[in-house]
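Enquirer: Taken in sequence, the protein lines are chains B and P.
Here the first sequence is numbered in UniProt numbering, starting from 1 and rising by one per residue.
Here the second sequence is numbered in UniProt numbering, starting from 1 and rising by one per residue.
Heads up, none of these hints are tricks.
Mimicking BS3-like on lysine-lysine, the simulated pairs with C-alpha atoms at most 25 Å apart in a straight line are: (1) K17/P / K239/B; (2) K234/B / K17/P; (3) K42/B / K162/B; (4) K281/B / K9/P; (5) K141/B / K101/B; (6) K69/P / K238/B; (7) K101/B / K17/P; (8) K169/B / K53/B; (9) K69/P / K101/B; (10) K17/P / K238/B; (11) K69/P / K381/B; (12) K239/B / K69/P; (13) K413/B / K69/P; (14) K234/B / K69/P; (15) K144/B / K261/B; (16) K9/P / K380/B.
Hints in this document: simulated from the structure, not taken from any laboratory.
Here's the letter readout for the chains.
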Amino acid sequence: MVDSINVALIGNPNTGKTSLFNRLTGLNQKVGNYPGITVEKKEGICKLDRGLKAHILDLPGTYSLNSSSLDESIVIETLLNKNDKDYPDVAVVVADVENLKRNLLLFTQIKDLQIPTILAVNMADRMDRKAISLDIELLEKELKTKVVLISSRKNEGIDDLKKAVINFKNYSAEACVDVTTIDQTYFDRLKKTFPDQLVYKLWLVITQDVNFGKIDDQRDLDKVKTKSFEIKSKTELKKMQHRETVLRYQFINNTLNKVLKIDIAKAKDLRSRLDRILIHKVWGYLIFFSILLLIFQAIYDWSGVPMDFIDESFASLSAWVNSILPSGPFTSLLAEGVIPGLGGIVIFIPQIAFLFLFIAILEESGYMSRVVFLMDHIMKKFGLSGKSVVPLVSGTACAIPAVMATRNIEDWKERLITILVVPFTTCSARLPVYLIIVALVIPEGTIAGGFLSYQALTLMGLYLLGFGTAIFSAWVLNKVLPIRRKAFFVMEMPAYKIPLFKNVVITVVEKTKSFVFGAGKIILAISIILWALASYGPGDQFSNAEQIVTEQYADQALSDEELDQRINSHKLEYSFIGYIGKAIEPAVRPLGYDWKIGIAIVSSFAAREVFVGTLATIYSVQGGEEDEATIKERMAAEQNPILGGPVFNFASGISLLLFYAFAMQCMSTLAIVKRETNGWKWPAVQFVGMTIIAYVAALGAYQILD
Amino acid sequence: MSITISQLKRGQSATIKDFDVDNVPLKLLEMGCLPGNTVRMMQSAPFQDPIYLNINDTHLAIRRETAQKIIVDLHG
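The shape of chain B in the complex, shown without the other chains (with noise of 0.2 Å):
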């Protein structure tokens, strides 16, 4: 029988956090949400000793235990209820060992919980070069609790670390501060009336605006918010507060002052150095967009190797199952339905990854930070704020995450209009439509001496184009929506590191493979349903087919091939879906698409990147012989049976990227948006708003270019 204890990480941002939690979890660790609620939320397991392994949660990064964003509230909610089965049998405080003073307040606070608490004192590895002296033993003493010196980056002191988990029971549980002498008498009264709860969780309830379905006695804590019997007005709880920090800080200081050396007399450090540059008025926005052209550029041509690779792939695997297997409907679903199906997921494998790859090394190593800064007052303009540049660059990768990155801006509107405006912003799933008709309607060739070619210019301009949607809709929404902000703007500027390899992979692989499962599932159910509509349908039309075609063609001396093509074509257009095609066309045709484009739009509603999987499908049931052509080759091929030429054209092209550029084609996301605001009202005002923008951009790119 192996016992399982509940560890919880908790630490300032920027303590290297995620870091500890990735040495002592390895890829062993699963990403959920906190039930209820969105927030992402990090466990993995740790081996401790024989027989004994550790349950870790590693819980979003706070100053403090006054919440004052949702992030926040989730330590807190965690810390106060007894009951809930991540309740943690030992705190890990993981501190920087260069911002001992700040992070210390954090520890006083869940010391005062009576939670055993270990502080872990990261980044030891830089005391030598920052000349930095810390008596531990005494520490240990003035703090009553065990403190471990690590390094998670040189991967020091975790065994050590390990042993006080292990140990967790031997250490006090006494509280640092007597947090009732900034207020005696209010405190005294609290304690008569609940002689059974801890004064600080009291105090903690009644300061802060978090949700207390969950804590253990319900009742009593009611007690505490309705009928309160001594009621303080906002401003005097923010005072006492007040006065709370000051003691906490005065315990802190006092305690530094006998166990912590510095010697000032140090170089200015690389911070000031590199910040003078990364956030300089005209260097800083010139590196900026130098990285994102150098993201945009790594995107399209670094990962057009390995794509073509798994697309050649996929279509001779098709072509291959199709040879070795007996004709029948089981060999036409997996050879039309669900190899191009997958395929159509697994081929944006690599540009997915790279998005990631560097989106987690700007994170990683500090200059996310500095994106905020330089961002903030021009976001402010629009209604938002630097932090909502976060949450708008990783809509980058995929508008769900980007979604919950807003919990940590503390205004309501402001993170509302984050949130309506987020799914502007190019994701990943629009990538494989954007990257295929780029590559079919816009011309090979380069300018400025080679280096950036058209195509890869154009990618940029749609990336920024649903940028500049993003921030002009939040200027209007900023002016339309009548709800009142209390906005403050409060960020640290981390140091800079080094990004860690594993901490890098790990996102990566994290973060490509929940892409694949979760849009995979959904893709590859589609693509199913649609070969069964493409490959049956209702009617003489359909079933005589062969005959009908044979017929109408007798005249003309046709080979097998062309006959057999004639044949396929004829039976998508009477198959189930071909009627369905039929009868959206006169809303698509205005935009230059036939019934086939409007029955791949209407599908990838639930998913843009449907969209390319469900031509594959069309194509490959429409194919006959072709079965070793590409996607792209098969659409680059397909005509326009009333107009003439190909479908895919320019102004058809631009209509379509314009399209997508807008419209909201997420049920995913929709979802969240729902549980993040608490109601349909929102996503259903985002969704509407989102497809009439699409529909008139689109007609009129069209109309025009046509």
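Let chain B serve as the given structure and place chain P on it in line with the hints.
Expert: Showing chain P alone in chain B's frame:
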């Protein structure tokens, strides 16, 4: 001489004296913006806002409007 943080020039240091309780977020206090601590103006963003400070050895960015609510004594 008492001024507000927003009046500090690049490289200047000052001691925090007092602030407007209602308009300074608690978060800033928790980051170490407390009376008696030292604040140093590191840099302003393009367009002079937000500003980049070193308060109590923490590197922080805040907006100018918040900085105007914090009174400091200029060093030397």
